[in-house]
Amino acid sequence: MLPLHPHCHCRYIGHYSKVHKIVVKNPQLSTMQKFSLNEQRQIVGSYAKLQEFHNGEDITKLFNRVRPDYPVGFCHDVFGYNGGMKKFSDKTITHQEKKSITAWTDDSSSIKHFMWGISDDKVSKEHSETLFGLFNKYSSNVKTGKILYRGMAVPNNLFEFMGYDKLVKGSDYTPDNKAISSFSSSKKVAYDFAFDGEHKQKVIIKIKSHNEDMLDITSVSSAAKEEETILTKNIWYNIVHIRKSEYGGVKWMLIVLKKK
Amino acid sequence: MDVNSSKKEIKQISEASKDMLIDALNSAKKTRKRVRENIKNNTLPEIPKEIDSFLSEEVA
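Those protein sequences? They're chains X and U, same order as listed. Sequential numbering from 71 applies to the first sequence in the working numbering. Sequential numbering from 172 applies to the second sequence in the working numbering.
Don't take each hint at face value.
To be verified - Incomplete in silico selection of chain X near chain U, CB under 7 Å:
hint	residue
1	Tyr-261
2	Glu-296
3	Glu-297
Stated by the list, open to error - Okay, the calculated beta carbon distance ranges per label pair:
hint	chain 1	residue 1	chain 2	residue 2	range
4	U	Lys-189	X	Gln-98	19 to 25 Å
5	X	Asp-139	U	Glu-221	28 to 34 Å
6	U	Asp-223	X	Gly-84	41 to 47 Å
7	U	Met-191	X	Gly-319	52 to 58 Å
Since the hints were derived computationally from the structure, they do not count as laboratory data. In this text, a Cβ means the ideal position worked out from N, Cα and C, and glycines have one as well.
Using the sequences plus the hints, can you model the full thing?
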């Protein structure tokens, strides 16, 4: 904070109550819509550029085209994260949070059972709350655009019960609506997860990483060398590609997702 | 079908799905343990060529 008066030690101190995270689908457009048409023109420089903006051009690119020597950028692109929040890393998280991640990665606690409401174990409850809390407390440490895989061997009865047989291109999909789900940056790891079990359908989910609702827990995982990224519950995607195939009598399904 | 028998049927279905889910979660736990061992010992299975090309299809 800057000093309020020269030669004086007084300071502005911000007082914040609990911050409620608000997700705005298109923050640039919703901000622009708060201004009049003339003000919008002044912000981007001309009506032609305003038209480009409304056609989907990124506003930072418009600014930077006009003033290439003084480019603007997002705080998280410049500093790696939102300066107001702590970035998730093994140095910033608490002992309890490390403990919960360890419990998640070594399966010493039935956290997923609790998240699905089929366990009331107190320790799992505590870990579950801590893990979900990570997504609100820290900004993501995930680099966007990296390909992540999730491999599953789904029992035949569950395959139908969960509606996998009805999935088509264009439909909405969430990896898990109740629990955290794990992804790996290794195709081989995903393949090995799907490899399991004889009477099971092999499902591989493929997505591009995004720096919202995802945390890379590789550096704090108890599983050595496992490049794991966790995704919070109920994050919805659009199926942009789906393919089913059979290899050696085993059914495989590839689902490619794009964030909504 | 009266209301009570219909309720009973719904309960039975949800109990069955619960069992199914518990089995799946427990089985996933075992899988995870096996995969972690494979990662640790560098013994992850090679992906057969045809499946590899199937999995390499472009992401949007």
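Do the hints match the structure? See the list:
The beta carbon of Tyr-261/X is positioned within 7 Å of a beta carbon in chain U (closest approach about 5 Å), and the interface hint is therefore held. Taking 7 Å as the C-beta cut-off, the interface hint given for Glu-296/X holds, the closest approach to chain U being about 5 Å. Proximity of Glu-297/X to chain U is violated relative to the hint, the smallest CB-CB distance being about 9 Å (cut-off 7 Å). Checking the proposed 19 to 25 Å range against Lys-189/U and Gln-98/X shows it is violated: the Cβ atoms sit about 45 Å from each other.
Checked against the given bound of 28 to 34 Å, the beta carbons of Asp-139/X and Glu-221/U, roughly 52 Å apart, lie outside it. The supplied range of 41 to 47 Å is broken by Asp-223/U and Gly-84/X, whose beta-carbon atoms lie about 53 Å from each other. About 23 Å separates the C-beta atoms of Met-191/U and Gly-319/X, a value inconsistent with the hinted range of 52 to 58 Å.
Checked against the numbered hints above, the structure breaks hints 3, 4, 5, 6 and 7 and satisfies the rest.
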